[in-house]
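Asks: Based on these hints, arrange chain B on the given structure of chain A.
Protein chains: 2
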Amino acid sequence: MITLLAGGTGAAKLVDGLIQEVDSAGLTVVCNTGDDIDLYGFHISPDIDTILYALAGMGDREKGWGIKGDSFFCLESLKRLGYETWFQVGDRDLGTHIHRTLELRRGQTLAGVVDSLCRAFQVTAKVIPMSNDPVETRVVTPSGDHHFQEYFVKDAWREEVVSVYFKGIGHAQPAPGVIPAILEARAVILCPSNPVTSLGPILAVQGVREALRATRAPVLAISPIVGGAPVSGPTHKLMAAQGWEISPVGVAKAFEDIVDIFVIDTRDHEETSALSAFGFEVIVTEIIMSDGAGRRKLGRRLLDVLNSR
Amino acid sequence: MITLLAGGTGAAKLVDGLIQEVDSAGLTVVCNTGDDIDLYGFHISPDIDTILYALAGMGDREKGWGIKGDSFFCLESLKRLGYETWFQVGDRDLGTHIHRTLELRRGQTLAGVVDSLCRAFQVTAKVIPMSNDPVETRVVTPSGDHHFQEYFVKDAWREEVVSVYFKGIGHAQPAPGVIPAILEARAVILCPSNPVTSLGPILAVQGVREALRATRAPVLAISPIVGGAPVSGPTHKLMAAQGWEISPVGVAKAFEDIVDIFVIDTRDHEETSALSAFGFEVIVTEIIMSDGAGRRKLGRRLLDVLNSR
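Taken in sequence, the protein lines are chains A and B.
For the first sequence, this note's numbering gives the first residue as 1, with consecutive numbering after it.
For the second sequence, this note's numbering gives the first residue as 1001, with consecutive numbering after it.
Isolated chain A, as found in the complex:
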């Protein structure tokens, strides 16, 4: 069993690569829910859905989110009715949100909803939200205090980040299965997701970081920084707000207590010795997954590294 801690787009690419090389029934994916948002009366869990769609082979690989070939006619109607439509909800995707909202309203847990989605989409991997309790990633910028999606999607992460906090994290229990998935895994992978707002909330859930320290499984992380810049999104701005150096070393420092194997891109090979100094096994390989073959290649490489332990 391999357990992944996952954000959205970057994690979905890796999941896509791994399931080309390994039976997805052997994967457990613990998903960030700090990006969850209530919009148009629906509870939307963007990271969970991106992972589910990737596992089901339904995901839009071009966009990195949503369902392949989805249309946006309902959103057009909402726009005509005066709604803000910066958060793109596809017509097919909407079915997922309607289902989740109805189930949560009748008392189902988020984990229970994800289970039902897995069954409907014939996903054999185990997908677990980090917590059934609400956590909301808030991004403070010079202009104010924003929901992560407002900063990320609506404002297209234009501003510098002052600080980040996870509203509700103090009361967030790990969802059932999260801690065992870490303690009993053969290996744990921290996906190449934003370390602050994608992995950060998962690591901040009670007991998760402790479990990562305690597990006998090797914990592997993939750098979200390549050549001094983020592979995608505002990772650099979010890291800067934490006072972290924008480099694999900056990420490594934040994960020093939990990681055993650190994977960096070939163009960052000269960071190897600095990273080795943390006591990590450092793997240098091509980590930009620009197409399906690239995803599969990285997936294969990680499996080989883990199998060799």
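Just so you know, the hints here were simulated from the structure itself, not pulled from any lab data.
It should be emphasised that the depicted structure is a prediction, and the values quoted were computed from it without experimental measurement.
In this text, a Cβ means the ideal position worked out from N, Cα and C, and glycines have one as well.
The list that follows gives simulated cross-link-like pairs (lysine-lysine, DSS-like), each with its CA atoms no further than 25 Å apart:
#1 1154(B) with 1068(B)
#2 297(A) with 63(A)
#3 1079(B) with 126(A)
#4 1126(B) with 1068(B)
#5 1079(B) with 68(A)
#6 1167(B) with 1237(B)
#7 237(A) with 154(A)
#8 79(A) with 1068(B)
#9 1126(B) with 79(A)
#10 1079(B) with 1063(B)
#11 63(A) with 237(A)
#12 167(A) with 237(A)
A few chain B residues that face chain A, going by a derived Cβ cut-off under 10 Å, partial list only:
#13 1040
#14 1067
#15 1081
#16 1095
#17 1096
#18 1116
Replies: Frame of chain A, contents of chain B only:
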């Protein structure tokens, strides 16, 4: 000002015909809400929407409901997730239901929601729900007690009808503007809608029938029965359950106290004398609106009849 009492499909056809001949700003349409249903977490008002879409030129004229050219991808997703999908909700149409549901949830009245939809769709006619209070048309058949939509759509009105009742009607106040629209109209038209379950609920709202009796405006009804059969749907089964004869005379008896002008189809011309005996002015014309030209022709004819009073 002409005021129409309207159900869905048949009324929408007449509305479509009238607005080709008269400025729609001169129309007030009081809509049945007994067919309203809560599905997938949305409050759906099928008759109101059919009328709004017709007035906005957005309606699907072939089907008689929904938005022209709409897709059903969200519904397909819901089906995959195990939901019953006998009630067809289009992707574009869904925007309307999301908006209505959100507005009702934040305390807006149904009439207020309809106003906002009129503005968004640039509908200049005044559209008013019969009541802001919930009324639910229930159809009792040998197999049980059903919501009207279950009988009509899900079961495709297969069974005979034992009885019909309007749940909540005792507490249903007319929406603001309904009674003045009848009392102050230049003419009132009872649309060629199902007299039991489309016009029936409107007529049963407190004060509506009294206003129709009291108004000085001529009240015109169009027979929903032609050649001994309903123009569409289960009108005959619903009329039979009321003990009404399935004929223009059967309809006329039910409306005897409120109607001044009764419009029947040419093929029912021999009923003229029986209908005249009720004291009605009887108009014999082609009332099947099989295409846009037929709608316009009937609209023109009704306007001429009303203008001659």
